[in-house]
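K.L.:
Given chain A's structure and the hints, the job is docking chain B onto it.
Respectively, the protein sequence lines represent chains A and B.
Numbering-wise, our numbering comes out as the position in the first sequence, counting from 1, plus 102.
Numbering-wise, our numbering comes out as the position in the second sequence, counting from 1, plus 102.
It cannot be assumed that every hint is accurate.
Just so you know, same-sequence chains aren't split out, so a pair can sit in one copy or run between any two.
List of simulated lysine to aspartate or glutamate pairs, DMTMM-like, C-alpha gap at most 25 Å [claimed, not checked]:
{"id": "1", "residue 1": "Lys324", "residue 2": "Glu251"}
{"id": "2", "residue 1": "Lys327", "residue 2": "Glu134"}
{"id": "3", "residue 1": "Lys132", "residue 2": "Glu336"}
{"id": "4", "residue 1": "Lys235", "residue 2": "Asp135"}
{"id": "5", "residue 1": "Lys324", "residue 2": "Glu134"}
{"id": "6", "residue 1": "Lys209", "residue 2": "Asp144"}
In case anyone wonders, no lab produced these hints; they're calculated from the structure.
Protein chains: 2
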Amino acid sequence: MGRIKLILSYDGRNYCGFQRQKNGISVQEKLEDALKEIYCSDITVTASGRTDAGVSAAGQVVHFDCDDRIEVKKIPIALNTFLPYDISVISAKKVNSDFNARFSAKKKTYVYKIYNSPVRNPLLPFCAHYPIKLDITLMKKAARFIEGEHDFKCFMASGSPVKDTVRTVYSVDIKKSGSVVSVFVTGNGFLYNMVRIIAGTLVYAGSGKIAPESVKDIILSKDRKNAGKTMPPEGLCLVKVFYK
Amino acid sequence: MGRIKLILSYDGRNYCGFQRQKNGISVQEKLEDALKEIYCSDITVTASGRTDAGVSAAGQVVHFDCDDRIEVKKIPIALNTFLPYDISVISAKKVNSDFNARFSAKKKTYVYKIYNSPVRNPLLPFCAHYPIKLDITLMKKAARFIEGEHDFKCFMASGSPVKDTVRTVYSVDIKKSGSVVSVFVTGNGFLYNMVRIIAGTLVYAGSGKIAPESVKDIILSKDRKNAGKTMPPEGLCLVKVFYK
Chain A
103 MGRIKLILSY DGRNYCGFQR QKNGISVQEK LEDALKEIYC SDITVTASGR TDAGVSAAGQ
163 VVHFDCDDRI EVKKIPIALN TFLPYDISVI SAKKVNSDFN ARFSAKKKTY VYKIYNSPVR
223 NPLLPFCAHY PIKLDITLMK KAARFIEGEH DFKCFMASGS PVKDTVRTVY SVDIKKSGSV
283 VSVFVTGNGF LYNMVRIIAG TLVYAGSGKI APESVKDIIL SKDRKNAGKT MPPEGLCLVK
343 VFYK
Chain B
103 MGRIKLILSY DGRNYCGFQR QKNGISVQEK LEDALKEIYC SDITVTASGR TDAGVSAAGQ
163 VVHFDCDDRI EVKKIPIALN TFLPYDISVI SAKKVNSDFN ARFSAKKKTY VYKIYNSPVR
223 NPLLPFCAHY PIKLDITLMK KAARFIEGEH DFKCFMASGS PVKDTVRTVY SVDIKKSGSV
283 VSVFVTGNGF LYNMVRIIAG TLVYAGSGKI APESVKDIIL SKDRKNAGKT MPPEGLCLVK
343 VFYK
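Next up, chain A with everything else stripped away, as it sits in the complex:
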């Protein structure tokens, strides 16, 4: 028996999210189905965290325990044979039994991508389309107020049961390449819809709806209503999970 860490990439647009659910097809279900094919037994995976319906991942991390019947370096190709085309295991590695994809995670980076052009672009399916010209300088100014340890209740979907809403955001980096604006957010943990609401708030700043400095007050208010809209899920992607 041993513990395996997988890095997983998926197009989340066809799934109800990472986590197994009764109503809908999840990435977890597809992955555990593939594991059953290659190990001939029921294996449950633990992920670094759930991603929501429609959200993609370049570097989701999961762990599971299994016997040694398959050489570790052959696990990705073995699993990919049984996984649908929109899910791919990038790598597999043997880890100590105290490694836990969820509890050992130190920080995570998400990217929210916006295609900022008057008309949409069907060849950029992992970008949200935003037609009004965004001022990147204003977005960068606003982003500075998000970095640090704060009570981020204002950036949590209303109705979420989470009580402790203090998180540390290590960095919010905004990059522009052609018409694509990418918002990279790295933090020690994220509240429900947090990155999508951060993206929506930065879009407000970038389009002049709010002053960049007002982000400070929005955070202090702890009121979801003061923050920007929840941007659509297809623009969000879990880039990387960091461990010690």
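P.N.:
Structure of chain B alone, referenced to chain A:
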């Protein structure tokens, strides 16, 4: 009455091709449905050429004739309101009545994209996956033999009824960015599956299955069986149509 030139982008993976067909949903059908919505009459479009099932476009060109009820610069957004999310009108321009999207076209550029990595990447849906390491230098050498005016019968899908198989390929440029190899092909016209077979032949050269120089003999043989495999449609994209 006037003639309008549209530039159109689409994710072709959900369509039976550009051209209207009895069995399957085409881009043309969706576009003409949207034109009917905004002009309240049946309008037929003429495209620069058909793209095959599953093939995408960044810059397909079509023309159609219509009355002046909609300001030209508002046509893209008006049409995009009625088009599905995987089709987008990028621009509209009034042109002379002697402009014909098909017959006025001087040359076209296609790109064939290959994700060259041991495991597939679901976040690159417009790339074909090829797991064996490709030698770009060999591909570039092979590409040189394709450029020029030749009888390209060897690169035409067998069974195609086209008699005159002489075309001019102005350039075959190969670029590598990370693990993505892009083959840009510009020519005055293309035979059925020609770019996909060229890509397959260059993949043979890049993986050492054939010598780069043998491409010259493959072309001279005029025999489809000597060329590489027809690469899958999802890697192909019509980039640009050039007019005088």
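K.L.:
If you test the structure against every hint from before, which numbers come out violated?
P.N.:
2, 4, 5, 6
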